[in-house]
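Start from chain C and add chain B according to the hints.
So the protein sequences, as listed, match chains C and B. The first sequence begins at 1 in the numbering used here and counts up one residue at a time. The second sequence begins at 1001 in the numbering used here and counts up one residue at a time.
None of these hints come from the bench; they were simulated from the model. Incorrect hints may appear among the rest.
[Claimed, not checked] Within a straight-line C-alpha distance of at most 25 Å, the following computed DMTMM-like cross-link-like pairs (lysine to aspartate or glutamate) qualify:
(1) 79(C) x 101(C)
(2) 79(C) x 1211(B)
(3) 1203(B) x 101(C)
(4) 1203(B) x 92(C)
(5) 1084(B) x 1101(B)
(6) 177(C) x 1211(B)
(7) 1097(B) x 1078(B)
(8) 1104(B) x 205(C)
(9) 1203(B) x 59(C)
(10) 79(C) x 59(C)
(11) 1132(B) x 1078(B)
(12) 1097(B) x 202(C)
(13) 1097(B) x 92(C)
(14) 1104(B) x 49(C)
(15) 1082(B) x 1101(B)
(16) 1203(B) x 108(C)
(17) 1082(B) x 1096(B)
(18) 177(C) x 59(C)
(19) 1132(B) x 1108(B)
(20) 1203(B) x 87(C)
[Claimed, not checked] Coverage of chain C stretches by chain B, computed from C-beta distances (three or more under 8 Å per stretch; other residues unrestricted):
(21) 86 to 93
(22) 96 to 105
(23) 147 to 160
(24) 180 to 186
(25) 221 to 230
The beta-carbon is built from N, C-alpha and C at its ideal position, and this holds for glycine as well.
Here's the letter readout for the chains.
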Amino acid sequence: MSDHSFLSAWREQSLGRRLFLRVSAASAASVTLVAAGCSTSTPEPTAVDPYQLTLPAGDPGLLYYAYFLALTQAALYQKVTDTPPADLTAAERVIFADLRDHEVIYRETIKYVIDPTGATVLLPTDFAINLTSFTLTTRAGVLAAAQLLEDLTAAAYPTILPLFTSANIPQRTLLLKISSVQARHAATVRDLLTPGSFASSDVVENTGALAGQLRTKTPTEVMTAFAPYFAPYVITVANLAVPV
Amino acid sequence: MDFFKLIDQLSEVDADVMGRFDSRRAVFSSLGTAAKRTALAATPLFLGAIFQKAYAGTTSTPVEVLQYALTLELFEQDFYAKVKASSQYAGASATDKAAIDQIKGHEDAHVALLRGAITGLGGTPVAAAPFKAAVFATLTTFNGPVYGTSQLGIAQLLEDTGVRAYKGRAGELLGTALLTTALQIHSVEARHASKIRQMRGQKPWVNPGDDAVLHPTYTSGVTGPTSTTTPFGYGIPAYTTASPTENNTTQSGVAITTALGATYTTADAAASFDEYLQAAEVLDASRAGGLVGA
Chain C
1 MSDHSFLSAW
11 REQSLGRRLF
21 LRVSAASAAS
31 VTLVAAGCST
41 STPEPTAVDP
51 YQLTLPAGDP
61 GLLYYAYFLA
71 LTQAALYQKV
81 TDTPPADLTA
91 AERVIFADLR
101 DHEVIYRETI
111 KYVIDPTGAT
121 VLLPTDFAIN
131 LTSFTLTTRA
141 GVLAAAQLLE
151 DLTAAAYPTI
161 LPLFTSANIP
171 QRTLLLKISS
181 VQARHAATVR
191 DLLTPGSFAS
201 SDVVENTGAL
211 AGQLRTKTPT
221 EVMTAFAPYF
231 APYVITVANL
241 AVPV
Chain B
1001 MDFFKLIDQL
1011 SEVDADVMGR
1021 FDSRRAVFSS
1031 LGTAAKRTAL
1041 AATPLFLGAI
1051 FQKAYAGTTS
1061 TPVEVLQYAL
1071 TLELFEQDFY
1081 AKVKASSQYA
1091 GASATDKAAI
1101 DQIKGHEDAH
1111 VALLRGAITG
1121 LGGTPVAAAP
1131 FKAAVFATLT
1141 TFNGPVYGTS
1151 QLGIAQLLED
1161 TGVRAYKGRA
1171 GELLGTALLT
1181 TALQIHSVEA
1191 RHASKIRQMR
1201 GQKPWVNPGD
1211 DAVLHPTYTS
1221 GVTGPTSTTT
1231 PFGYGIPAYT
1241 TASPTENNTT
1251 QSGVAITTAL
1261 GATYTTADAA
1271 ASFDEYLQAA
1281 EVLDASRAGG
1291 LVGA
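This is chain B alone, in the form it adopts within the complex:
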């Protein structure tokens, strides 16, 4: 990728492109830094982040969105690391182990990607977001029938939360290549959720027949005061009203069950769409926020 050529091409369609950066000097000084990180500079994520800074007008900085994503990936990574170190995992079938290993490998890659991007933008990546050891100790089975005491049951909650969480911040990345990268990760999280659900004998999509349907992962709202400066030290958007719940059957103002010329069941209408969660909801004590800690 020839970065300078790209800037030239952009100048042809947008004469003010240089003015959109902090300053011409800042662009070229950051390129100088980037040249030392050629591997990173070659990634669309890095490029997208620069243009995000230049073009977008959101309240959060790109680094803050990336830090949030990194926090969730670190959290999942630590959870799967604890699973792999457990005796329950040791007793699992080879195919189940292989699935967990592959998912863990993806979380590792997501952590590495996000860390590199944050560092490349001059930020200091969030150091850790461990899954609470005391809670993990209550997960007595690998894949038992009770989701709240099974490792795969909690894995399902984490993956489905991840899908909702990436959706919740996608709008802040609009207009940038960074959005594509986030959506690529989001899509992989959905594949993980599908697999974990199949391993558990649940339908691969969130639906009213799920055994965990009443868990806050699938509802919305917060249970306590929210802060825009979370324990992780970066800002998140202020909590507004509750996001849609997963059993929502109205999309874009359209009643899916009745307004489309035929009638569809509430189960199908709800399962066809994955809903988003705001950062404050994800970090609420009832969801991931309550499971992060030493």
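With the rest of the complex left out, here is chain C:
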């Protein structure tokens, strides 16, 4: 129960604005009570995960999605720059400092675009990016982590930009300007880990009618891959428009 006490406090704080992340429904305790009152002939109520965060529909959801990508990358690069592996070269540390700075700027810029007043609480107070699935004590491990996140992010942007529906051109333009820098990041860390792999066939179609095009990923595919970094929280993108 103590797991949920801070959560409900955050929920009240955030739901007042009705704009963004909403924790879906009741605490586990109330679910249990409801379940106890049910007869066996009625369907079992679906237990709602108190750690499930549902991104809103429409353009706010797309911005939120981009925010989570930047949030995750910024956390990784902050960790790497704070405690770099011993075998990460000086030149590579300079690169990682830039990556950290760029992603922090994306995180803060997108946050500003979502709510310029800064009043909206975007995340539960105990939300933290979980990097335990990575090996961050070696150069190879750090570069592999960076490549994974950068390739996913680079693959995400071309699919979400066309989904924006509002007439707010600056928002789309902002993400468009970010998208190619993310591609530059991805090519950079790929080449550091595996020289010559900046645009290999696992990220760029090499044959057939679609040759020469980036392989893209839908929000569902990307967020499924990002799931370990949000644990114990689960981010749901079901409300986002589905790319054609």
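Okay, now just chain B, sitting in the frame of chain C:
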């Protein structure tokens, strides 16, 4: 992909869908033509182009946007073909050659894709956009320290220009699957730019410390009169005011360096965002326009 099923599904959510096409007859006659090009019809690019015609209300036609993209891809393709035929390339390392070969292969694919799409829409693809042989002859090194006389230095300018150029037309493709395709190519161009910059010992992102930072590729504006009917025979949007320069540190009205709760350096603020260029700026004599020709 079942095109007819797609039309049916679209009709369910938009009862006027057939009216949005030129006419029902025109749709089905163009499908008849398309059936002869099954490979092309299977591509999202082709499908996106049809819906662009139906839904969008931009001043340029989709064919004109594609022609512009094809012009730039032909230009890059010819540049890399000249590189690969040069003695400088012959003396380069195997890994450097492999990188150029891969980039050239992507440009070839982009040319083929865009040609097919333009032809599928009834247009006649731009025939050629060669890199000036006289200028190429001044590129005396493969990867020398002076960017203006090195093949990779010019490659960096072309790739960074390509990234800016695709951005400049993206807005005209909004509301179509064609936009996704353009962004996929745009993203690959950015990977090329990143690689070329690394090969040159530059940072992979455009930043104030670049050796070529003062080149017009990274500024904006035009140096002479502009035309909406360029030498290539298709229309481009009229030039308005100068686009943002690459050292821009204000995005969506937000001063990135100071307005975000912490301060960030101008170098980081500028490097975090790639800026767009209008077609008239790209085709200006100070940029790609000055390098295209026999």
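| request: Against the structure, test the hints numbered earlier, and report the numbers of the ones violated in rising order. | output: 2, 9, 10, 14, 21, 25
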